[in-house]
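All residue numbers for the sequence shown refer to our numbering, where the first residue is -12 and numbers rise by one.
Treat the hints with care, as some may be off.
Claimed, not checked - Simulated restraints, written as ranges between beta carbons of each label pair:
#1 E75 - L(-6): 54 to 62 Å
#2 S18 - P52: 21 to 29 Å
#3 K95 - S13: 35 to 43 Å
#4 P55 - S11: 19 to 27 Å
#5 P52 - T22: 15 to 23 Å
#6 E47 - F71: 22 to 30 Å
#7 S30 - L7: 29 to 37 Å
Just so you know, the hints here were simulated from the structure itself, not pulled from any lab data.
Small disclaimer: the values here were computed from a predicted structure and weren't measured.
Quick reminder that beta carbons are idealized off the backbone N, C-alpha and C, glycines included.
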Amino acid sequence: VEVLVALAIMAITLVAVFQLQSQSVSMSSESRFATSAALLAQSKMAEIEAGVLTLNRTQEGNFGPDYPQYSWRVDISDTQLEQFKKIEVTVSNKDMQRRGDYRLVLYKVQ
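Using the sequences and the hints given, assemble the complete structure.
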């Protein structure tokens, strides 16, 4: 009986440890995505502000061989105020099952 109780306690403990490990790996992936996506979105927004990327309504692309799993999309739309444009940069990671999009928005004076 004592051995069965000890095995049950050990099994419960191992399940908890495995769940914590799984959660830790998941959080690490999400953190890495948030950091990389923020830097990539800022880089793409800087290209727009510098005039390297032309301001069409919608553009899409990827970040090349350095970040093969990441893609970007730029949406430019009018706002209620004529002098402003809304520029939205979305960075996506095709490998992320959930929360795989990062959005950065800028309102720019024409």
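Quiz item: Looking back at the hints listed earlier, which ones does the structure fail to meet?
Solution: none
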